[in-house]
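S.K.: Here is how the chains run, residue by residue.
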Amino acid sequence: MKETKRINTLISEYFIFVIFIALVIVLTCLKPSFITPGNLVNILKQASINGILAFGMMFVIVAGGFDMSVGSTVAFTGILAAMLGQGDYPLIVPLIVAMLAGLAVGVVNGVGVAVGNLPPFIMTLGTMTAVRGLALVVSKGKPVIGISAEYKAVAASSFCGIPMLAVFLVIIIAICSFVLSKTVYGRRVYACGGNLLAARVSGINTTKIRISTFAIAGLLAGLSGFLMTSRVTIGQPTAAESYEMDAITACVVGGVSMSGGVGKPWGVVVGCLLITVIANGLDIMGVSSHWQRIVKGVIIVLAVLIDIKGKSKKN
Amino acid sequence: MNKKKFLAMLLTAAMALSVLAGCGNKETPAPAAPAESGEAEGAAYKIALIQQHQTNAFQIAVTEAAEAKAAELGVELTILSADQDAATQITQIEQCVSEGFDAILFEPVDPDGLRDAAKAASDAGVVVINIVSSCTDWENAGISAVSCGNNVKAGENEMQHVADLLGGKGNVAILTGPAASSDALDRLEGYENILANYPDMVQVVSPADCQWDTAKAQATVESWLSAYDLDAIVCENDGMAVGAGNAAGADSGIVITGLDGTPDGYEAIKDGRIVGTVAQDGGAMAANGLEAAVTLLDGGSLESNVLVTDSVWIDASNVADYE
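Going down the list, the protein sequences come from chains L and V.
Be aware that the first sequence starts at 32, since it is given in the numbering used here, and climbs by one per residue.
Be aware that the second sequence starts at 188, since it is given in the numbering used here, and climbs by one per residue.
The shape of chain L in the complex, shown without the other chains (with noise of 0.2 angstroms):
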């Protein structure tokens, strides 16, 4: 009775895990190029940014909070990369002053959420509006054209046959998840996600801890926003429109709970190669992209439904 108990939640803890094998299986029997090595570059390559953004998400949403602006944040972002990136200044600028206008987003969210007690839904869509207009003023509401030949390649290039977009992402995997799992501070993350008042009376600075999570999100939104620039060699006021929400979708499949508090760094990690291999791979079998929206919905709903389930039975 126990060891079956404890298989069930094995299941229910690594579940998506399993869905995200079987559905690679499926894959590469109906269509083999599915697995070529140049296909899994691909993949790759498509998760990056959304991967970069999902874990700073993950940030928010572990502390309690939500980020509805990351999307517009990398739109800002890329267009002043774009900007500075046209081969008068060295490559380090554009990437420093992307993150940096980021950062100041993420302050900017953080100091309303926590200082200003606004609900992180409401503060973040107003960033989330206001900074998307910005975009379009500075931009003038033109594409960005003109970028430097340096920086066009940093995303086009790779490492032993690793395009340096998924070398950026494993790095900032390996950062955060340290971060989250092994300081004190990724513990006071959890803590304050898991019972803020709690948090607060055991001694933990709860408003310096969530304008730090509001923070490092708008920061790696504003790394997302250079390399997204990068990667479609143009910055658009445009691009990046909802990307909120496939930074949410990989953390929640992932096991990210939206009450906040519970989370592994490596359930967003599957969370986000699971939603790229289903774009990638229903690319691959030329099924129509309104399709890959039905079976976004449905992931996204079935995850979460097993997640609720998950915690019932512990209780």
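Treat the hints as calculated values from the structure; they're not laboratory data.
Note that beta-carbon positions come from the ideal geometry of N, C-alpha and C, so glycine has one too.
Where hints are given, some of them may not hold.
Stated by the list, open to error - In silico DSSO-like links for lysine-lysine, alpha-carbon gap of 30 angstroms or less:
1. Lys233/V <-> Lys306/V
2. Lys239/L <-> Lys213/L
3. Lys213/L <-> Lys295/L
4. Lys62/L <-> Lys356/V
5. Lys457/V <-> Lys171/L
6. Lys295/L <-> Lys327/L
7. Lys340/V <-> Lys356/V
8. Lys356/V <-> Lys457/V
9. Lys171/L <-> Lys233/V
10. Lys356/V <-> Lys183/L
11. Lys340/L <-> Lys36/L
12. Lys213/L <-> Lys340/L
To be verified - Between beta-carbon pairs, the in silico distance windows are:
13. Gly147/L <-> Thr482/V: 53 to 59 angstroms
14. Val210/L <-> Thr323/V: 55 to 61 angstroms
15. Asp502/V <-> Ser290/L: 31 to 37 angstroms
16. Val335/L <-> Ala367/V: 26 to 32 angstroms
17. Ile193/L <-> Gly300/V: 23 to 29 angstroms
18. Ser491/V <-> Arg324/L: 56 to 62 angstroms
19. Ala503/V <-> Gly147/L: 53 to 59 angstroms
20. Gly147/L <-> Asp502/V: 53 to 59 angstroms
Let chain L serve as the given structure and place chain V on it in line with the hints.
M.R.: Chain V in isolation, oriented as in the chain L frame:
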């Protein structure tokens, strides 16, 4: 629950504010039909241009050309953006009527939803002209003229060049805009009209809806290229063509084409990522529309009330002329 209430209140307040702000301007009672009054000669006409949105290079070209033409004709031009929202555009039209504008040029956000507002404006004596695209059955909606390109013809132009470049034979894939948009549907119709003449040009995958977005197009084409042998990728706008070009790489041998003629497309033509594009001249549409408005206000008549701006094929040989 509390959050919901708060959001609802916030939205209500925002709406109320925007309505109030709109009403703040001085209102003139029903404007006299300008064509009848003889004093129109000296005074500058007040003309409003309501764009669908101002968030891409095409729309900015419309804005700039309209401003230039207005200065040339000596009319007082006010430019508004409906931000892709039909309700906003209806309010703006009503507002322009009550403020006594002589003519209203607009690109309908929705071909059906804007008909009543246009009719009401023309009944109040305002000259109403559609630019870029037109309302459904526009002649009966009080609209005096339409200055537009033809998306079906532009699509035909693009696909015809692809067919010529491929020698009428090969595997073709199509990237489209959102299926709900009439621009996307018309362009696709144009593609299919041409493909019908070339039985050896095969669509190996169904058209993918990449929402006019470069990054989405890039991901889709990367995936396709690992599974299909494509000779041509035909895209309904330049942004998606650039994405396809990034996925395939420069001088890939795949015929990648766009439509619209925007700066990102020109850049990609120059470095060989895409082969060519079909330019819709938004600026000319706006300028022709303004000219028509002034002609009608002066009491003249138009040779034809449909002013079609032709699309042009742009490739490496003539891209320098269009930047």
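S.K.: A separate judgement is required for each hint: does it hold in the structure or not?
M.R.: Hints versus structure:
no.	hint	result
1	Lys233/V <-> Lys306/V	holds, 19 angstroms
2	Lys239/L <-> Lys213/L	holds, 19 angstroms
3	Lys213/L <-> Lys295/L	holds, 12 angstroms
4	Lys62/L <-> Lys356/V	holds, 25 angstroms
5	Lys457/V <-> Lys171/L	holds, 23 angstroms
6	Lys295/L <-> Lys327/L	holds, 21 angstroms
7	Lys340/V <-> Lys356/V	holds, 21 angstroms
8	Lys356/V <-> Lys457/V	holds, 26 angstroms
9	Lys171/L <-> Lys233/V	holds, 25 angstroms
10	Lys356/V <-> Lys183/L	violated, 33 angstroms
11	Lys340/L <-> Lys36/L	holds, 13 angstroms
12	Lys213/L <-> Lys340/L	holds, 28 angstroms
13	Gly147/L <-> Thr482/V: 53 to 59 angstroms	holds, 56 angstroms
14	Val210/L <-> Thr323/V: 55 to 61 angstroms	holds, 57 angstroms
15	Asp502/V <-> Ser290/L: 31 to 37 angstroms	violated, 56 angstroms
16	Val335/L <-> Ala367/V: 26 to 32 angstroms	holds, 28 angstroms
17	Ile193/L <-> Gly300/V: 23 to 29 angstroms	violated, 50 angstroms
18	Ser491/V <-> Arg324/L: 56 to 62 angstroms	violated, 43 angstroms
19	Ala503/V <-> Gly147/L: 53 to 59 angstroms	holds, 55 angstroms
20	Gly147/L <-> Asp502/V: 53 to 59 angstroms	holds, 55 angstroms
In summary, the numbered hints that this structure violates are 10, 15, 17, 18.
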